[in-house]
Amino acid sequence: MDFEKLLKELKEEIVADAKDKFGEEGKLIVSDMKDYLKTSEEKLKKWAGLFIAGAIDKDELEWLLKSQKDLLVMKALVKAGVNKIKAGHYKNRVINIVLNKLVGLVVL
Amino acid sequence: MKTLKKTFIAFMAVTLVSCTSLYDHFTYTETIKTKLDAISLIDKSDAPYSDSEVQITDLKNQMKKMVIYEKGKDKNQLTTKMWELISSDKHLMGSYLKLWEEKGSLNTAFKEQAKPQIEEAFNLMIFYEEKKDKQSQNALTQFINQFNL
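Residue numbers (the numbering used here), protein chains in the order written: chain A, 149 to 256; chain B, 687 to 835.
Simulated from the structure, these hints should not be mistaken for lab results. Computed from a prediction, not measured in an experiment: that's the story for all the values here. Take the hints with a grain of salt, since some may be wrong.
[Said to hold, decoys possible] Derived DSS-like pairs: lysine-lysine, alpha-carbon spacing no greater than 27 angstroms straight-line:
(1) K217/A to K721/B
(2) K175/A to K214/A
(3) K767/B to K817/B
(4) K186/A to K801/B
(5) K776/B to K214/A
(6) K194/A to K801/B
[What the hints assert, rightly or not] Listed next, the stretches of chain A that the computed footprint assigns to chain B, with coverage defined by at least 3 CB atoms under 8 angstroms from CB atoms of chain B:
(7) 158-164
(8) 205-211
(9) 222-229
For glycine and all other residues, C-beta sits at the position ideal for the given N, C-alpha and C.
Make a model of the complete structure from these sequences and hints.
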């Protein structure tokens, strides 16, 4: 199986389908799906090989593909959460500076 | 004056850590436990579903419990969302159990590929909880310590 060819065809089909169905919004979906294909390339190769060899069936292949998408969603959630914590720390630093000043005034 | 200072610091300490939910040791240990239970079941999933029904029910209940527990915490939408995702019968572990039930048993090659996917999902939740620990709790400790109370 020529996996590079398969991947190229997949990208082209996804781009065409998204543009056709979603117009301008399709660009976001295309970008999302390109990231998915890029970060999943090695796994996709392995899973496609197992499917062709008959070691896994269609439902199992579908579960693996969906799980990869779910993992990308979870990674995005974690990234958002960590950024939120960092933003919270920055706010805390500002509060801390103000507080130190005020406590200094109260004690003096 | 000293009492006023202490009261003021205590008030501000509460304010400081209120941006996101705090590290929760129960969540941390229960996430690790759930991960181990899930992996143990995946290992058995090339055998009949009916052989592991008790363990499967326990895992489903455990995941439901975690969703309810996480929902009950303030400013905890992200962790709740992750638990909902992993336990839903349309995604990750929930859908794995559903597929196993529908098919009776799963291919050995499939379970070997599915296992790292599920492990990674749980690892992300563990990592996130650890981040809360290192950042939020340390911020609170540092803040209080600097006043030598």
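Self-check item: Pairwise hint evaluation, K801/B against K194/A, where the allowed Cα distance is 27 angstroms at most
Solution: holds (14 angstroms)
Quiz prompt | Restraint check for K217/A with K721/B, where alpha carbons must lie at most 27 angstroms apart | solution = holds (19 angstroms)
Exercise. Three residues minimum, CB to CB under 8 angstroms: does the segment 222-229 of chain A make the cut for coverage by chain B? Let me know.
Key: Coverage by chain B holds here, the residue count being 6 at a Cβ distance below 8 angstroms.
Self-check item: chain B over the segment 158-164 of chain A, status - at least 3 residues with CB closer than 8 angstroms
Solution: Contact hint for the segment 158-164 of chain A vs chain B: violated, 0 residues under 8 angstroms.
Self-check item: Coverage assertion for the segment 205-211 of chain A with respect to chain B, Cβ distance below 8 angstroms, three residues required
Solution: holds (count 4)
Practice problem: Measure nothing beyond the straight line between the CA atoms of K175/A and K214/A; if it is 27 angstroms or shorter, mark the hint as holding. | Solution: holds (21 angstroms)
Quiz prompt | Pair hint K186/A and K801/B, alpha-carbon separation not exceeding 27 angstroms | solution = holds (21 angstroms)
Quiz prompt | Given pair status - K214/A, K776/B, alpha carbons within 27 angstroms | solution = Roughly 9 angstroms between the alpha carbons, so the hint for K776/B and K214/A holds.
Exercise. Would you mind confirming whether the straight-line C-alpha gap from K767/B to K817/B stays at or under 27 angstroms?
Key: OK: K767/B and K817/B at ~17 angstroms, within 27 angstroms.
Checked against the numbered hints above, the structure violates only hint 7.
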